[in-house]
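Protein sequences, first through last, are from chains A and B. Counting the first sequence from 1 gives a position; this note's numbering is that position plus 769. Counting the second sequence from 1 gives a position; this note's numbering is that position plus 769.
Rather than coming from a laboratory, the hints here were simulated on the basis of the structure. Please note that the accuracy of each hint is not assured.
Since the list gives no way to pick out one identical chain from another, each pair is judged satisfied if it fits inside one copy or across any two copies.
In silico BS3-like pairs for lysine-lysine, Cα to Cα no more than 25 Å straight-line [to be verified]:
| # | residue 1 | residue 2 |
| --- | --- | --- |
| 1 | K943 | K1033 |
| 2 | K1002 | K815 |
| 3 | K941 | K786 |
| 4 | K815 | K1033 |
| 5 | K929 | K1036 |
There are 2 protein chains.
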Amino acid sequence: MKKKTTAPPSLKRNNKKRPVILITNDDGVTSSGIRNLVEAVKDLGKIIVVAPDKPQSGMGHAITIGQPLRLQKIQTDDDSVETWSCTGTPVDCVKLAVDKILRSKPDLCLSGINHGANHSINVIYSGTMSAAVEAAIESIPSVGFSLLDFSIEADFSGAKKYARIIVQHLLKQKLDKHMVLNVNVPAVPEIQIKGIKVCRQAYAKYIEDFIERNDPHGRRYYWLTGEFVNFDKGKDTDVWALDHNYVSVVPVQFDLTNYKLKSKFEKIWK
Amino acid sequence: MKKKTTAPPSLKRNNKKRPVILITNDDGVTSSGIRNLVEAVKDLGKIIVVAPDKPQSGMGHAITIGQPLRLQKIQTDDDSVETWSCTGTPVDCVKLAVDKILRSKPDLCLSGINHGANHSINVIYSGTMSAAVEAAIESIPSVGFSLLDFSIEADFSGAKKYARIIVQHLLKQKLDKHMVLNVNVPAVPEIQIKGIKVCRQAYAKYIEDFIERNDPHGRRYYWLTGEFVNFDKGKDTDVWALDHNYVSVVPVQFDLTNYKLKSKFEKIWK
Chain A
770 MKKKTTAPPS
780 LKRNNKKRPV
790 ILITNDDGVT
800 SSGIRNLVEA
810 VKDLGKIIVV
820 APDKPQSGMG
830 HAITIGQPLR
840 LQKIQTDDDS
850 VETWSCTGTP
860 VDCVKLAVDK
870 ILRSKPDLCL
880 SGINHGANHS
890 INVIYSGTMS
900 AAVEAAIESI
910 PSVGFSLLDF
920 SIEADFSGAK
930 KYARIIVQHL
940 LKQKLDKHMV
950 LNVNVPAVPE
960 IQIKGIKVCR
970 QAYAKYIEDF
980 IERNDPHGRR
990 YYWLTGEFVN
1000 FDKGKDTDVW
1010 ALDHNYVSVV
1020 PVQFDLTNYK
1030 LKSKFEKIWK
Chain B
770 MKKKTTAPPS
780 LKRNNKKRPV
790 ILITNDDGVT
800 SSGIRNLVEA
810 VKDLGKIIVV
820 APDKPQSGMG
830 HAITIGQPLR
840 LQKIQTDDDS
850 VETWSCTGTP
860 VDCVKLAVDK
870 ILRSKPDLCL
880 SGINHGANHS
890 INVIYSGTMS
900 AAVEAAIESI
910 PSVGFSLLDF
920 SIEADFSGAK
930 KYARIIVQHL
940 LKQKLDKHMV
950 LNVNVPAVPE
960 IQIKGIKVCR
970 QAYAKYIEDF
980 IERNDPHGRR
990 YYWLTGEFVN
1000 FDKGKDTDVW
1010 ALDHNYVSVV
1020 PVQFDLTNYK
1030 LKSKFEKIWK
């Protein structure tokens, strides 16, 4: 009987090509959220950062059609991380990174860490999450990370810790190429975080309330604001998990077909 | 036994309040697509048009956070239709229309008729469809209409006919308040359209190919282009239906949870 010749585990690991990780966000290339994400995972692979040159919150899945885009290589303190600034939206960043910088698909795309929540309906408005979804459309497994704290001095230690745990886990798996995870981290000291909960997206929305004012020339203008309301009392939702100090993980898809309504309408239009 | 006293059908119909229909789009308030949609349905209810003041294609679910918005009432040839122009995105238009113009929820929101396809993955980039989705988030049943023809002189007769058929049908029903229908119409003469097919969203995507040029000052720029590729061979998809001269109807949802992946990850993070 022929003996199998397999390399010892350590050698196997050394032989393995380092995974390529594309990192982007919607708060811009200089935000502390993206710097914290890079720090959390930079020894886990070859990191390429391609992120917007200015804040792009609330850009959803917008792409730039009517204008040209620019890319600029950025000098950072850390030479080991190639960093690019892009004039486009978060989704543009992913498209340009793959087509013009990497010129091949990275093993993983990470987006964030977003300054502020992207749980529940926020997923649909969020540039951070739309960048992750765009990666998944392009067959690159991806994760968006958000911390429930808008402040510039936010404490990212819990978010960094869990980002690293999740990325380490994913890099060991054979991943669904269209995988997107929406990870939100509660704004509490790291020690108070109870762990990770896999959830569904809560049904919640913003009750709009535009601020209505006149400009110095007497012309009326409106400024979007709104109150977040959670209509979903389920204990399996992201909002519930975050309220109870868990990191929420919602797997996200880009097939938007409502199959339940599809069955209903099939009876009407055969 | 007490006799039921119900009004005769004709009286019932007369007594019924006229439905309020909000119409928006992403090609802008002056586009021929939106004018055709208004014409197709204007006798079916009280029509209010609130649409962007400039083209907003590819804006996805973007909202305007960092800037104020303006609304302007527009004079049109038809006094019976109240028309407003808005400086924001298609999603902003829906939010502002409900909060500041209607000050209550309309019975139905229609978006389009879009100049160009919004089938398959286009649904996620489309301002037209995002406006419809926003309405549904706000508990307003909605339909987005798109014609597979980009040209300004496109023939909207088939799209108008089917928009009217669909809206007439919906106005007779008790609708799911979160209903969104993505309706696409093939670019063929009306007589060649075979009817309506209820479909799922095809798995298709754009293979990006940015045009790379230097500007007059020698600086590199990139311009998004790309080839549409349908990877989905199913005969139950919107792309299939349109290829076979059917009007495709895909019910759309805004719960993006991937329940299949959720079950998988629940085994890992309990």
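Do the hints match the structure? See the list:
Taking the shortest Cα distances, K943 and K1033 sit within 25 Å of each other only across copies (13 Å), while inside one copy they are farther apart (37 Å). Taking CA atoms no more than 25 Å apart as the test, K1002 paired with K815 passes in neither setting, with 42 Å inside one copy and 36 Å between copies. In this assembly of identical chains, K941 and K786 lie within 25 Å of each other by CA distance solely inside one copy; the values are 13 Å within and 61 Å between copies. With identical chains, the CA atoms of K815 and K1033 are never at most 25 Å apart, being 48 Å at best within one copy and 28 Å at best between copies.
In this homomeric assembly, K929 and K1036 come within 25 Å of each other (Cα to Cα) only across copies, at 23 Å, whereas the closest approach inside a single copy is 50 Å.
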